[in-house]
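Chemist: Please build the complete structure, drawing on both the sequences and the hints.
Each chain, letter by letter, is given below.
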Amino acid sequence: MTVLEVKALTTVLHLPFGTVPVVNNVSLDLHAGETLGIVGESGCGKSMLALSLLGLQPNPPAEISSGSAHFENVDLLDMPPARLRRIRGKRIGMIFQDPMAALNPVMKIGDQITEVLRRHLDMSRSAAKRRAVDLLELVRVPDPVRRAGEYPFQLSGGLRQRVMIAIALSCNPAVLIADEPTTALDVTIQRQILELVRDLQADRGMAVLHITHDLGLISEHADRVMVMYAGRIIEQATTVNIIDHPRHPYTAGLVNCAPALGQNRNSHLSEIPGIVPPLNQLPPGCSFEPRCLRRLARCRQVVPELDRHHSRHVTACHNPCSA
Amino acid sequence: MFSWRGNLSLAAGGTIIATIVLFVLFGPLVSGYEFDQMDMRNRLQLPSAIHWLGTDNFGRDLWTRMAVGARVSMVIAVSSVAIAVVVGVTVGLVSGYFGGWVDLAIMRVVDIFLGIPPIVLALAIVAALGPGVVNLTLSLAAVFWTEYARVVRSVTLSHREADYVAAAVALGASKARILFIEILPNVVGPVIVLATLGIGTAIIAESGLSFLGFGVEPPTPTWGWTLAYGTRYLRAAPWLSTVAGLAIMITVLGFNLFGDGLRDYLDPRGVARRYRRLSST
Chain A
10 MTVLEVKALT TVLHLPFGTV PVVNNVSLDL HAGETLGIVG ESGCGKSMLA
60 LSLLGLQPNP PAEISSGSAH FENVDLLDMP PARLRRIRGK RIGMIFQDPM
110 AALNPVMKIG DQITEVLRRH LDMSRSAAKR RAVDLLELVR VPDPVRRAGE
160 YPFQLSGGLR QRVMIAIALS CNPAVLIADE PTTALDVTIQ RQILELVRDL
210 QADRGMAVLH ITHDLGLISE HADRVMVMYA GRIIEQATTV NIIDHPRHPY
260 TAGLVNCAPA LGQNRNSHLS EIPGIVPPLN QLPPGCSFEP RCLRRLARCR
310 QVVPELDRHH SRHVTACHNP CSA
Chain B
36 MFSWRGNLSL AAGGTIIATI VLFVLFGPLV SGYEFDQMDM RNRLQLPSAI
86 HWLGTDNFGR DLWTRMAVGA RVSMVIAVSS VAIAVVVGVT VGLVSGYFGG
136 WVDLAIMRVV DIFLGIPPIV LALAIVAALG PGVVNLTLSL AAVFWTEYAR
186 VVRSVTLSHR EADYVAAAVA LGASKARILF IEILPNVVGP VIVLATLGIG
236 TAIIAESGLS FLGFGVEPPT PTWGWTLAYG TRYLRAAPWL STVAGLAIMI
286 TVLGFNLFGD GLRDYLDPRG VARRYRRLSS T
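Chain order of the listed sequences is A and B.
This note's numbering numbers the first residue of the first sequence as 10 and each following residue consecutively.
This note's numbering numbers the first residue of the second sequence as 36 and each following residue consecutively.
In short, the hints are calculated from the structure, not lab data.
Incorrect hints may have been included.
Derived coverage of chain A by chain B (criterion: at least 3 residues anywhere in the stretch with Cβ under 8 Å from a Cβ of chain B; other residues may be distant) [what the hints assert, rightly or not]:
hint: 1; region: 93–99
hint: 2; region: 104–113
hint: 3; region: 119–132
Virtual Cβ for every residue (Gly too), placed ideally from N, Cα, C.
Modeler: What follows is the structure, given as C-alpha cells:
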C-alpha cells in the first residue's frame, strides 16, 4: 500500500543571481512498512526534498514551484497551514541530523515529549507523562523516569537521538522521515540507533524515508534506494541491485568509493573526479556529464530521462553501465 | 534538592529583599510615629533612642518616613519594570521571530523612543498625564521597555534559526507555541538580569522626577524625595541624604544579587553546577 506518493516535485531557490531548482522534478512512492533510502552528496537536494514534503523549506529563499505529494489521499503541498500542523509530528514524524541542537536546551526531556502528546492526542497531563516514560523505555533509554526529568545537556548524543526518535514516534506516525539521523553519532551508536528504528518500524508497519550520504549504511537498512545528483533522481532500484549492479556511472562511482575493511592500505581508493557543479552553472545536458567517464556526445546536450523500461531498476543515463 | 548554600547570591539577595519587606510592613508600627506627624521643636535631630534615624526639617520621624517611602518607591519601581518587561519581551519576541517589515516597523518605533533622552521622555509623559503614582509608573515603563525589546529581539534572532525550533515546527507546533513555549524560556536569563538592574534605575529615576515635582507629591514620602531634599540640609543633618542613599543602594544591591542568583538557578546548566559543587564537598 502506498502511503506517500510524490509526483514531479520541484523546489526552487531564489538567489541573488537567479532562480535555481534544488529539487528537480522528483517523483517517488513510499509503501507502508518499507524503508526507502535517499542517497547523495552534500548539496544534492536530499534534505530540501524532505523539508519540502512537510512544507518546512526555508522560505525565502526556497519555494515549491510545482508537483504534488499525496499522503493519505490529500496533497501535503496544497493544504492550509493549520491542517498541515496536525499532520506534522502526528502522522509524519521527523528526526533531524544533529540531536545536540534539535532539543530545546531549557526544557526537560519529559516535557518536550508530553508537549507533542498533549498537542496532537489531547492527552491529560498525567497520562502524557506516563506515556512519555513508556516511550523513553521503548527507545531503550535506561532509567526513563529519571531521564524524563533531565535537561538535554545532561544526555549523551546517542541518548538525545533516542529521545528525538521517541518524540517522532510518540503519535504513531505512518511515515518517519529520518534526515541523516546518525551522521553526528559514532559508529557503534549509529548501529544501535538504526537497529532501534528498524525494530520499531517492524512493530508498527511504519514507512521510513531515510536520507543519508552513506551508501554503506543504507545498504544494510533500506529496501530500496534512490540516488540523487544535483537535485534530480538519477537511479532507483532495490538495494541489492544498486550495490551489486549499479547502472548509472555516478552510482557506480559511489559504490567504488566506499573503502572496505581489510582492504590493502596501499591500494588505490577510487574517487569521482571533480566536484558537484554549482546549481547556477548546471550543464545543459546531463548534470553529471563533466565528471563522467562514460560520457557520450549527446550527454552534453540532452538531459537523460529516467528510463521506465525496467520498472524495478530505473536509471537516467544515456550510456548506463551494463547490468 | 534546592539548597541556599549552593547559591550564595540568591540567599543574600533574598535576605535583603525580605528585610526590606519586613521593614515596610512593620517599620511604621514599631516606631510609634505617623509619617506626617510634625514636631517643630525637634527638627533635624540626630539619630537617638527616641528617633532611631533622627528627624527631618519638619521634625518628622525619619525611620517612619523611610518605611512608608519604601512602600511607594517599591511599588513604583517594581510595577514600572514589570510593565516594561511584559511589553518589551512581547514586542522583542514578535520583532525577532517574524522579521521583515514587522521587525523594521517595530525597531523604528524603538529607535524613536531611544532617541529621546529618558528623563525628558518621562517628564513629557507625566506632564501630559499629570503627576501621581500611576502616571509616574507608566512614564517610567515607557522609558524602560525599549531596552527589553532590543535585548529580547537579538536573543530571539539567534534562537529562531536553531534546530530545535525547526524540529518543533516539524512536530506541528504553531507560531504562538514556538514563540512562548520554545523561545521565551531561552530569553529569561538576560531579561532577569536587566530587570533587577532596572529596579535600581527606576528607584533613582523616581527620585529625580519627584524632586522636579513631577512624581509623588509631598507629604507622601519617597526615598528619592528624602535623598534629594536632604541635600539642602547636608551640613546641618547629613544623615537625611545618607540614610536614604544607603537604603537605595542596599535595595539595588539586594535586587541585583537576587537576580544574579535567580538566573543561575533557572539556568539548567546551573543545576548541574550546583549538584557537582554539593557532591564534591
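Chemist: Look at each hint and say if it fits the structure.
Modeler: Here's how the hints hold up against the structure:
1. 93–99: holds (count 6)
2. 104–113: It holds, with 6 qualifying residues against the three required.
3. 119–132: holds (count 4)
In this structure, every one of the numbered hints holds.
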